[in-house]
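Numbering of the sequence shown is given in my numbering, commencing with residue 33 and proceeding in unit increments.
Calculated from the structure, these hints are not laboratory results.
Heads up, a few of these hints could be off.
[What the hints assert, rightly or not] So the derived label-pair ranges between C-beta atoms look like this: (1) Gln-95 <-> Asn-177: 16 to 22 Å; (2) Pro-137 <-> Asn-82: 18 to 24 Å; (3) Val-167 <-> Val-124: 15 to 21 Å; (4) Val-94 <-> Pro-140: 29 to 35 Å; (5) Thr-91 <-> Pro-128: 25 to 31 Å; (6) Arg-84 <-> Ser-132: 17 to 23 Å; (7) Thr-169 <-> Glu-136: 14 to 20 Å; (8) Pro-148 <-> Thr-169: 16 to 22 Å; (9) Thr-96 <-> Val-135: 27 to 33 Å; (10) Gln-95 <-> Ser-132: 16 to 22 Å.
Model, not experiment: these values are computed from the prediction.
Ideal placement from N, C-alpha and C gives every residue a C-beta, glycine not left out.
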Amino acid sequence: MLRRFVFVAVAAALAASPALADKGKGKSKGRGREGGVVEERGRREVVVFNDRDREAVRTYWVQTYGPGNCPPGLAKKHNGCLPPGLAKRRYVVGRPLPASVRVEPLPPVLVTRLGPPPAGYEYAVVDGDVVKLAVGTRLVVDAINAILR
């Protein structure tokens, strides 16, 4: 009788373990591509940068600033001509920007290449990276990293 009870308990635990292992939708700490899709009133809108946007930003930065414009001491650091103390990113995708982080507007030529941001979002430059921010909350929705590197 005890042996049968133990067998049933082990079988039930094994059957329930896959359900317990699945975190479910929206409960993971990571940020998948679903994090860039907004559904509003039955309409889905993608708010992350696509490959065309990333290529437009990189092309603009190379044409405008080009390689070789760093002082020799900073050029060998490979961190986009930033001094070592400024090379650390001060934002996290999926979290609001701290109030201490300075946000610069995106150059108008680049805004023209990217097209207007979705309603409720804006483009900005933070620590040399192009970011897409939610207006009002300063939530970093997506970023194109290392454009100056």
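So, going through the hints one by one against the coordinates:
no., hint, result
1, Gln-95 <-> Asn-177: 16 to 22 Å, "holds, 19 Å"
2, Pro-137 <-> Asn-82: 18 to 24 Å, "holds, 21 Å"
3, Val-167 <-> Val-124: 15 to 21 Å, "holds, 19 Å"
4, Val-94 <-> Pro-140: 29 to 35 Å, "violated, 18 Å"
5, Thr-91 <-> Pro-128: 25 to 31 Å, "holds, 30 Å"
6, Arg-84 <-> Ser-132: 17 to 23 Å, "violated, 33 Å"
7, Thr-169 <-> Glu-136: 14 to 20 Å, "holds, 19 Å"
8, Pro-148 <-> Thr-169: 16 to 22 Å, "holds, 19 Å"
9, Thr-96 <-> Val-135: 27 to 33 Å, "violated, 19 Å"
10, Gln-95 <-> Ser-132: 16 to 22 Å, "violated, 32 Å"
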